[in-house]
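**Student:** Residue numbers (UniProt numbering), protein chains in the order written: chain C, 1 to 603; chain F, 1 to 220.
Some clues are possibly wrong.
[Claimed, not checked] Restraint ranges, calculated between C-beta atoms of paired labels, are given here:
(1) C:E269 with F:E9: 52 to 58 Å
(2) C:N242 with F:T17: 49 to 55 Å
(3) F:T171 with C:P219: 34 to 40 Å
(4) C:S172 with F:S181: 32 to 38 Å
(5) F:A167 with C:A371: 32 to 38 Å
(6) C:D562 with F:N66: 21 to 27 Å
(7) F:R62 with C:Q386: 55 to 61 Å
[Unchecked claim] Covered stretches of chain C, as calculated for chain F (at least 3 residues, CB under 8 Å):
(8) 235-243
(9) 322-330
Just so you know, the hints here were simulated from the structure itself, not pulled from any lab data. Bear in mind that the values here come from a model prediction, so they are computed numbers and not experimental data. No residue lacks a Cβ here, since even glycine has one placed at the ideal position from N, Cα and C.
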Amino acid sequence: MSERAAKVTPADDEQDDDQITDSAAPDAATDASTESETTTDPVTTGAESVVRALENAGVEYAFGVQGGAIMPVYDALYDSDIYHVTMAHEQGAAHAADAYGIVSGEPGVCLATSGPGATNLVTGIADADMDSDPLLALTGQVPTEFVGNDAFQETDTTGVTTPVTKENTFSSDSDHVGSDVSEAFALAREGRPGPTLVDLPKDITNGETDREPDAPKVPDTYEVQERADEEIVAAAAERIENADRPVLLLGGGVIKGEASEACREFAIEHEIPVITTMPGIGSFPEDHELSLEMAGMHGTGYANMAITHCDTLIGIGTRFDDRLTGGIETFAPEAELIHVDIDPAEISKNIYADYPLVGDAETVVEQLSDAVDESPEAKKWRAQCQQWKSDYSMAYDAPEDEPVQPEFVIEALDEATSDRAIVTTGVGQHQMWACQYWTYTEPRTWVSSHGLGTMGYGLPSAIGARIAADDDQEVVCIDGDGSFLMTLQGLSVAVREELDITVAVLNNEYIGMVRQWQDAFFDGRHSASDYGWMPEFDKLAEAFGACGFRIDDYDDVAETIDEAISYDGPSVIDVHIDPDANVYPMVPSGGDNGQFALTEDQL
Amino acid sequence: MKRGLEGPEPEERPSPTGRRNKQGIRIDPEVEATHEPRRTVISALVTHEPGVLSDVSGLFSRRQFNIESLTVGPTEDEDRARITIVVEEPDPGIDQIEKQLRKLVPVISVRELEPDAMRRELALIKVDAERPDQVAAVADMYDGKTVDSSPETATIEVTGARQKIEAAIDTFSQFGIREISRTGTTALARGTDRTAAPSSTAQPADEANHDDQYTPADDD
């Protein structure tokens, strides 16, 4: 889509994006001849067939790094309208493609060469796997005759990535390689999304073929159940009608399943308080009265109180991760669980589902909607939730004469941007503050590494998000100093591609979350968490060709943020925050959600 | 040392009386329901292609399922292979194994076999042959077949249920066992019951979760 093209100039030329989507048929190559010459010539090599498969699938962008074994594919890309973003590191390519998938809903594509290129992708692939993000990774491989001989830059890529992909394939036939890619693309988004990988030996991509790839289609052995069992739906509906203390728990699957709207309508019609998981942020507007925001380890006190005391928990598209549940024994201990998930394996994996509803989130919520005739009588419960909201409000002190509090910076960034602004983060304290103090109202505006907790995710994901985002959506990367330091080479990409990204580095010269745990659980022994010295990120940004800012005290905050946001290109704000600031509330690992600590003394 | 948030202290908050057990099942505060591991046979029909076995065995290892034995071989259809897995897990674990296996793209169908299914394994037992007639007598007892003999040794093939093989090994040990090689269990459902068929016999996921039937594992 051309309006998604952000600052990427070459893609802006692409006037008719329907042309690509329309050609998602096997005979596309011949049909599209009047539109564009580059996509109409019959394929002659495996590599051309790979690229044709991507074009047929509607792929507009790919993220990657060149290399020996993937060169034939890049050579074929040279003639394609697919815009390739050259990344500074393959890990960044995988994260950027992952974020592209989160924001656009379509699988992001990343490419790498064999061996180190492929292994560098692994972190990003594992990240996408944990968060069920649609991602297609294409890796070069040494020629088939060398496979297994420890050739230069050889790695058993399918072997390495099997545990972290939804499916992977070693392509062994030039005639079939394009279809392998089509199938992998289709699999990445079908049912529960996830990363897929196709390993492409150089002789296969170099090999001659005139076979056009098949249209994207998942294999017959992959079956997805769309509608939940009507009997269980009816039973669950009855349970909801009779609930005294109902809660809707919306997970990342709500956003991936495009069920946010249906969930909103359901919650508002029946006045059921709503909690989100971290990946579910944005599925329900946090400024709505029914919203209790996020539950879990660093969730709000009111969300954790509500989840602990509810009697009917309607979990949708969530896998009940331990960061959400805390100790299983004390998680929603009085609640009967209605669990909606497209993946049957998530049902009763961590928390036993009294009403298992396997199916597509949007479809099942509509089924439930039809089945629930009367709203639960839960006026008292809603009042109780509001009471908890005021008892455990997310307020903080920001005295003028003290170092800048991170919460203040997050709120200022939120204020300076529109409701549709996209936030990406690294992993650590800054990520939790970004969850807690930014008010999210729209799905697909929150991009973070939830399950894997990958430090360094922020900047590369901002690149992918920027490219997938609409022009009028700001992209703000809230990062930590430690996290930013891990992948900041991506600044070179942001500058080269003229991407309008604002990075706010909350700099406390600590691996802050580790420091917080060391204070709480290791007698304050700051083993390897105290960085003591950090580069000046604003100057570093300037060295890369980006715009650098620095915030030291409250006077600078609003003005500097405005300048950075309005700067048309990548900018980095080095925000020197209170080095001792910690994240609260907090449920210690495996603890009781209702016993969350509000201060360090309560841990 | 650093300030936090305001609000009632943990001990001032109401605390619910209910509890869940380790499997996440809501229980009566007085009763602790637990699930004992049980031994069972899971049969999976898969596409016969490179990497399937590693997909399946990798799934078991990374999810830390306790696998007792695993056998694999072609079927009547040359594009399909059957993997027979013996596991010992509590019920929720067995349920997870089936569901996770079903998610693998090359897996066509998965089924836990009934206790009356035919289960067989094979063992080759190499013993000292100082008393060949007695070795032959023991082999007879277990329907064993001598597949190799030398002046010093005899190798006997025994097939059957696990207990039978173990009993045979036990009895053969009086002669002095030199080496043993055993296969894992392979199994088929009885009669017209299909061991694992494309989708038709696979339980719908909703039902699978509600199947509380406990069927004690029986090895023959």
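**Student:** State for each hint whether it applies.
**Tutor:** Cross-check of the supplied hints:
{"no.": "1", "hint": "C:E269 with F:E9: 52 to 58 Å", "in the structure": "violated (37 Å)"}
{"no.": "2", "hint": "C:N242 with F:T17: 49 to 55 Å", "in the structure": "violated (20 Å)"}
{"no.": "3", "hint": "F:T171 with C:P219: 34 to 40 Å", "in the structure": "violated (49 Å)"}
{"no.": "4", "hint": "C:S172 with F:S181: 32 to 38 Å", "in the structure": "holds (33 Å)"}
{"no.": "5", "hint": "F:A167 with C:A371: 32 to 38 Å", "in the structure": "violated (57 Å)"}
{"no.": "6", "hint": "C:D562 with F:N66: 21 to 27 Å", "in the structure": "violated (59 Å)"}
{"no.": "7", "hint": "F:R62 with C:Q386: 55 to 61 Å", "in the structure": "violated (44 Å)"}
{"no.": "8", "hint": "235-243", "in the structure": "violated (count 0)"}
{"no.": "9", "hint": "322-330", "in the structure": "holds (count 3)"}
The structure does not agree with the numbered hints 1, 2, 3, 5, 6, 7 and 8 stated previously, though it agrees with the rest.
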